[in-house]
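Undergrad: Order-wise, the sequence lines are chains A and B.
Using this note's numbering, the first residue of the first sequence is number 1, and each one after it goes up by one.
Using this note's numbering, the first residue of the second sequence is number 1, and each one after it goes up by one.
No lab work stands behind these hints, which were simulated from the structure alone.
Among the hints, a few may not be true.
Here are the simulated DSSO-like pairs of lysine-lysine, each with C-alpha atoms no more than 30 Å apart in a straight line [what the hints assert, rightly or not]:
#	chain 1	residue 1	chain 2	residue 2
1	B	K57	B	K17
2	B	K57	A	K71
3	B	K17	A	K5
What follows is the residue order along each chain.
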Amino acid sequence: DQQVKQNSPSLSVQEGRISILNCDYTNSMFDYFLWYKKYPAEGPTFLISISSIKDKNEDGRFTVFLNKSAKHLSLHIVPSQPGDSAVYFCAARSYGQNFVFGPGTRLSVLP
Amino acid sequence: GAGVSQSPSNKVTEKGKDVELRCDPISGHTALYWYRQRLGQGLEFLIYFQGNSAPDKSGLPSDRFSAERTGESVSTLTIQRTQQEDSAVYLCASSLDRLSYLVGYTFGSGTRLTVV
Numbered sequence: 001d002q003q004v005k006q007n008s009p010s011l012s013v014q015e016g017r018i019s020i021l022n023c024d025y026t027n028s029m030f031d032y033f034l035w036y037k038k039y040p041a042e043g044p045t046f047l048i049s050i051s052s053i054k055d056k057n058e059d060g061r062f063t064v065f066l067n068k069s070a071k072h073l074s075l076h077i078v079p080s081q082p083g084d085s086a087v088y089f090c091a092a093r094s095y096g097q098n099f100v101f102g103p104g105t106r107l108s109v110l111p
Numbered sequence: 001g002a003g004v005s006q007s008p009s010n011k012v013t014e015k016g017k018d019v020e021l022r023c024d025p026i027s028g029h030t031a032l033y034w035y036r037q038r039l040g041q042g043l044e045f046l047i048y049f050q051g052n053s054a055p056d057k058s059g060l061p062s063d064r065f066s067a068e069r070t071g072e073s074v075s076t077l078t079i080q081r082t083q084q085e086d087s088a089v090y091l092c093a094s095s096l097d098r099l100s101y102l103v104g105y106t107f108g109s110g111t112r113l114t115v116v
């Protein structure tokens, strides 16, 4: 049973527009969430995080929103750039446990 | 080193052979993790080491899989009698400790294993 789901395997967005990547989770004990970005032939790299005590965290062009009641988080990238084209993983954990990763969404930003 | 280093970067092996994958974590990182990513799937947790504590092996898919780590240094993941379903990218990650979740883990570039 997947505890972290990313239901869109891929997403295409025009350069300059907003990219919205979604993630749903089932475990109400999760209290910390991360987004990772992965380029081909490289390991995932940390992008942005959010704690369950917040509903929004912003870092430059990247904003993560958390809706605890819906067990849903999303990553917004504005404006999208071709260099943002990568696979994005959502990850979640409960205190003291390992992170659980979603299957990833491949973002393609078209010039 | 500056990052997590994994070797080899690519490995092609025949079904039934044993393979050994290596991970050099960031110096000073006490926590080390192995994940794998099969084609079209997410990151699957395999095993976790924290210092000298007993490892968390709950993610190992079968007894053909084993891993070792000496202290807080290099780790090796061994797959015996490889099967085609073992084909995947094997990722190693390290962190200061399990509770250093502010920026998550630092991942290596992975070993792409292909079993033919």
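Undergrad: Taking only the CA atoms, is the gap from B:K57 to B:K17 under or equal to 30 Å?
TA: With Cα atoms ~22 Å apart, B:K57 and B:K17 stay inside 30 Å; holds.
Undergrad: Keeping to a limit of 30 Å between CA atoms, is the pair of B:K17 and A:K5 held or broken?
TA: This hinted pair is violated, its Cα atoms lying about 34 Å apart.
Undergrad: CA of B:K57 to CA of A:K71, is that 30 Å or under?
TA: holds (28 Å)
Going through the hint list in order, the structure does not satisfy hint 3, though it satisfies all others.
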